[in-house]
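K.L.:
Take a look at the letters that make up each chain.
2 protein chains.
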Amino acid sequence: MEFSSKLLEKAVNEMAQLPGIGKRTALRLVLHLLRQPKEQALLLSEALKTVREEINFCKSCHNISDKTLCEICDNPMRNKSLICIVEDIRDVMAIESTGSFKGLYHVLGGKISPMDGIGPQDLNITTLIDKVKDGTVTELIFAMSPTMEGDTTNFYIYRQIQDYNIKTSTIARGIAAGNELEYADEITLGRSIIDRIPFEASLKS
Amino acid sequence: MEFSSKLLEKAVNEMAQLPGIGKRTALRLVLHLLRQPKEQALLLSEALKTVREEINFCKSCHNISDKTLCEICDNPMRNKSLICIVEDIRDVMAIESTGSFKGLYHVLGGKISPMDGIGPQDLNITTLIDKVKDGTVTELIFAMSPTMEGDTTNFYIYRQIQDYNIKTSTIARGIAAGNELEYADEITLGRSIIDRIPFEASLKS
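In order, the protein sequence lines correspond to chains A and B. Per the UniProt record's numbering, the first sequence starts with residue 1, numbered consecutively. Per the UniProt record's numbering, the second sequence starts with residue 1, numbered consecutively.
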C-alpha cells in the first residue's frame, strides 16, 4: 500500500496492529476519523492513552478496576467463600450480566497455552492458591471456556489445590438454549445425557 | 454492558464510535491494548492524535498530503491536462497501484447522497469546475463507483462542464477478470457486449 502522507501511513500502521484489523480496515477507520470533528478523534486518542496509563487491577481478583479493590470484591453482600475462576474480564462481565452468581471472581488473565508460549507462571495462579491456603474459600468454580487450553488450565489448578479440603465444580456443559439437538457435537450431547438433571430442577430458571 | 472501570468504559465507548466496530469488538481491542507494552498503546494514541491535528489536503486535488501540493500533483512527469475524478483517497491508492494512469486526480471527498444529507456543496466540485474553466484540462475521467450515488455525482458534474469543449469518459464497466460469466448481473453483462472492444486491443494488457 502506497500512502500519500507519512502521518496517514503511521496511523494506519498502528491501527493495523490491533487483532482482526487489516491494513484496509485500518485505512477505512483512520479516514473516518479524519472526516469527524477534531474533538471526536482527540477523545478517542485521549481515552486510549488514559486507559493504558492509568488502568488498575483489583489486588484481590485481578479484574480491571479504578480502585485497589474492585466493586465486586468490595461488596459486603457477595459470598467471599465462593470463587469463580475465569480467563479475563469479558467472562466476568458475561457472568455478571446473568445475575445468577453472588460469589467473587478470580481473573487468571489468560489460559495455559504452550503453543502461544503462555505457561502457569504468566497467569494469576499463585494468588489463587494463596486464597485457598488461607482457608477463606470453600468452593472453587472452574469457568474457563471448554477448549483444550481451558481444560488444561483447569486441571493444572485442580492439581495444586486438590489436597486442600474444598469443593470444586465446573460450569455445566450441554446443549445451549435455542440450539437444535441434531447440530450438537457428540461430546457435548454425550455429556448432556450423562450430566442430566431432574426435570423439576430444569423448570426453575 | 456493565464495566468495572470508568476508564475502560470510556475507551470502549470511543472505540465503538468507529464504523463497523461494535461494543464487543471495541472491548476486545481495548483489552488487547492493555496486554501490550505501554509504548505500543501510546504509539497508537499519538498517531491518531497527530494524523487528525496535522493532516493536510493537497490544495489542487484535495488528496491527503503532508505538503501543500501532493506528490502526484507536484510530479512534472504527470499529464496535467488529464484528470481522473474519484470519491476518496482509497480510490487514488487503488488506481495508482495499477500503474496505468499518468494523469492527475481530483478527490471529491464523497458522493452526492440525499439519503445521507450530502449535496454537491459538501464535495470539492467548485475547484474542479474552476480547473475546467481555466483551460488546463482537456479530458475528465469519471471514476466513481458504479452505484446510484456514483452515477448521480458523475451526472451532476457532467451537467456543469458539458458546455466547455473537453473530452469526458468513464471507466469501463464489464466482467471482472477471473469472474464467471453466468454470475454477472444483466446490466453489467449487457453493457459488456455493447461496449465490446477489438480482440487485438484486449491482448495488450
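FYI, nobody ran anything at the bench for these hints, they're computed from the structure. Just so it is clear, the structure is predicted and the values come from calculations on it, not from any experiment. We treat Cβ as the ideally placed atom computed from N, Cα and C, and that holds for glycine. It cannot be assumed that every hint is accurate.
[Stated by the list, open to error] Quick look at which bits of chain B chain A covers, simulated, 3 or more residues with Cβ under 8 Å: (1) 43-52; (2) 63-77; (3) 85-93.
[Said to hold, decoys possible] Partial list, computed: chain A residues near chain B (C-beta under 8 Å): (4) Leu8; (5) Leu29; (6) Lys204.
K.L.:
Check the structure against each numbered hint from earlier and tell me which ones fail, lowest number first.
P.N.:
Checked against the structure, the only hint that fails is number 6, while the rest are satisfied.
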